[in-house]
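Here are the chains, one letter per residue:
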Amino acid sequence: MSDQLTITERLTERGERPEGGLEYTATVDRPFGCVGRPCDWLPRVERQLRAIAALAPGWDSHGAPSPDGRVVDAAERLIGCVSEVGALPEPYVNPTPGGGVQFEWESGPRYFEVEVLAERAAQYFYRDDALRIEEQGEVFEGESLGDVVAYVSRVASAS
Amino acid sequence: MDETICPMPRFARPPVVETVLGVHFRPLESFASAQQGMLWERCFRSQFPRLEERPPVEEVRERFGEDRLSDAPTIRWRVMDRPDVPRLWAASEDGQYVLQIQRNGLFLNWLKTDMGVAYPPYLKRRDQFRQELDQVDRFLQEETIGRLEPTSCVVTYVNHIDYGGLEDIGPAVARILTCGNNESSDGWLPLPDNAVLTWGFPIPGQSGRLNVELRPIVRRSDRKEMLQLGLTARGTLKTREVGEAVAWIDLGHEWVVRGFASLTRPEMHRLWERIE
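Those protein sequences? They're chains A and B, same order as listed.
For the first sequence, the working numbering begins at 1 and goes up steadily by one.
For the second sequence, the working numbering begins at 160 and goes up steadily by one.
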């Protein structure tokens, strides 16, 4: 229940509650909603993004502009947020001819990409060749990255 | 689930003490504290004069199938290290109604402030909330801030149920709920002296989920031990239209009310004077 939204919380006191923490256990399975350690690939991805930010105009031999520094920064923040979930695979990182940055994950029949188009906007695309599914959407700055994380996890689970 | 069941369950003395109808929408870049204050002053101050600020509430999206396994806590894409815009918490003079406004959400609470307060009909609360959504949408357009693009909805009902206290919690749960039988396989365990129970019931078509939570609480007003049964229906929208959001709230309300009747035993229904 969404405790923050209700007023009843102010009018009640909690009864005794079972201990929530199980820090003393050795179980390694992640419960629902558990945040893991940040992914260890993040520093590598950040270095790739810095290299992308330094690309000169015409880097693709077809006259593409230099990537927009603000978009690269936004992409860095997006992937940084995604990495906080932990236990996710490393993405491929590519500049796009339009000045954006694209992250890709692929495993078996599953493919997912998220392209940061502007400082506060990204679009994503998911494909599962085995199930013949294609899904797409968009996410804006300030919004939940839950869908992005769910798609990356889907790709990861195919490996 | 039997979809032919009708009409909607109704109770003359329902144990509900609070309801929330809410909509999350696309975050509005220019809907900061100043604009929220303007909105409150222009549209809501007369009806909700008591103002507080709270941290914003995160949007929760229900997930299905294998995505449930990857269900991480809400992580937002934040480009800049700017502070969150607070949530305005505006209460009516008598405290019965609260309107909550934040950069990506609008919520209307009703609270049973004392035993004599009558439970307002759902349609009245729904229509009031629809009017408030329309007022916000008009304000956003007048101030060229943007449009309301709803992304998900929430319907919450909180019920307080009298019981015998923690020493009786196992038998009480069995008396009250259809899905708590207080049995063990061999009688070895003593009766429990605490219980916090949660359930999730998917709404067909992956259009949402009814989340139910039962926990013991102590009512501050009289220090009485109660069981709090909270039912929250959440759903993600497809079209980003206010009309769809209101239609989903109707669906969420139906799941909360039918879910409550289905989860609680007929003996309790008699106590709450079920009419239909």
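It should be emphasised that the hints constitute simulated quantities derived from the structure, not laboratory data.
Just so it is clear, the structure is predicted and the values come from calculations on it, not from any experiment.
Here a beta-carbon is modelled for each residue, glycine too, at the ideal position from N, C-alpha and C.
Accuracy of the hints is not assured; some may be wrong.
[To be verified] Per label pair, the in silico range of CB-to-CB distance:
1) A:Arg50 - B:Gly364: 53 to 59 Å
2) B:Glu302 - A:Asp60: 51 to 57 Å
3) B:Pro166 - A:Gly86: 44 to 50 Å
4) A:Glu104 - B:Ile434: 39 to 45 Å
5) A:Gly86 - B:Gly254: 52 to 58 Å
6) A:Gly86 - B:Asn341: 36 to 42 Å
7) B:Arg382 - A:Glu46: 33 to 39 Å
8) A:Glu46 - B:Trp358: 40 to 46 Å
[To be verified] Simulated coverage check for chain A against chain B, where a stretch passes if three residues somewhere in it have a Cβ under 8 Å from a Cβ of chain B:
9) 48-56
10) 101-108
11) 139-146
Structure-based check of all given hints:
1. In this structure the hint that Arg50 of chain A and Gly364 of chain B lie 53 to 59 Å apart at CB is violated, the actual value being about 45 Å.
2. The hint said 51 to 57 Å for the Cβ distance between Glu302 of chain B and Asp60 of chain A, and at roughly 42 Å that hint is violated.
3. Our hint of 44 to 50 Å for Pro166 of chain B and Gly86 of chain A holds, since their Cβ atoms are close to 48 Å apart.
4. Between Glu104 of chain A and Ile434 of chain B the beta carbons are some 58 Å apart, a value that contradicts the proposed interval 39 to 45 Å.
5. Between Gly86 of chain A and Gly254 of chain B, the C-beta spacing of about 43 Å breaks the proposed range 52 to 58 Å.
6. Checked against the hint of 36 to 42 Å, the pair Gly86 of chain A and Asn341 of chain B passes, with Cβ atoms roughly 39 Å apart.
7. A beta carbon spacing of about 54 Å between Arg382 of chain B and Glu46 of chain A contradicts the range 33 to 39 Å that was offered as a hint.
8. Our hint of 40 to 46 Å for Glu46 of chain A and Trp358 of chain B holds, since their Cβ atoms are close to 42 Å apart.
9. Closer than 8 Å: that is the beta-carbon criterion, and the stretch 48-56 of chain A has 0 residues meeting it against chain B, so the requirement of 3 is violated.
10. Against chain B, the stretch 101-108 of chain A contributes 0 residues with a C-beta closer than 8 Å to a partner C-beta. That does not satisfy the three-residue criterion, and the hint is violated.
11. Judged by the Cβ-Cβ criterion of 8 Å, the stretch 139-146 of chain A is covered by chain B as claimed, because 8 of its residues qualify and three suffice.
Of the numbered hints given earlier, the model fails hints 1, 2, 4, 5, 7, 9 and 10; all others are met.
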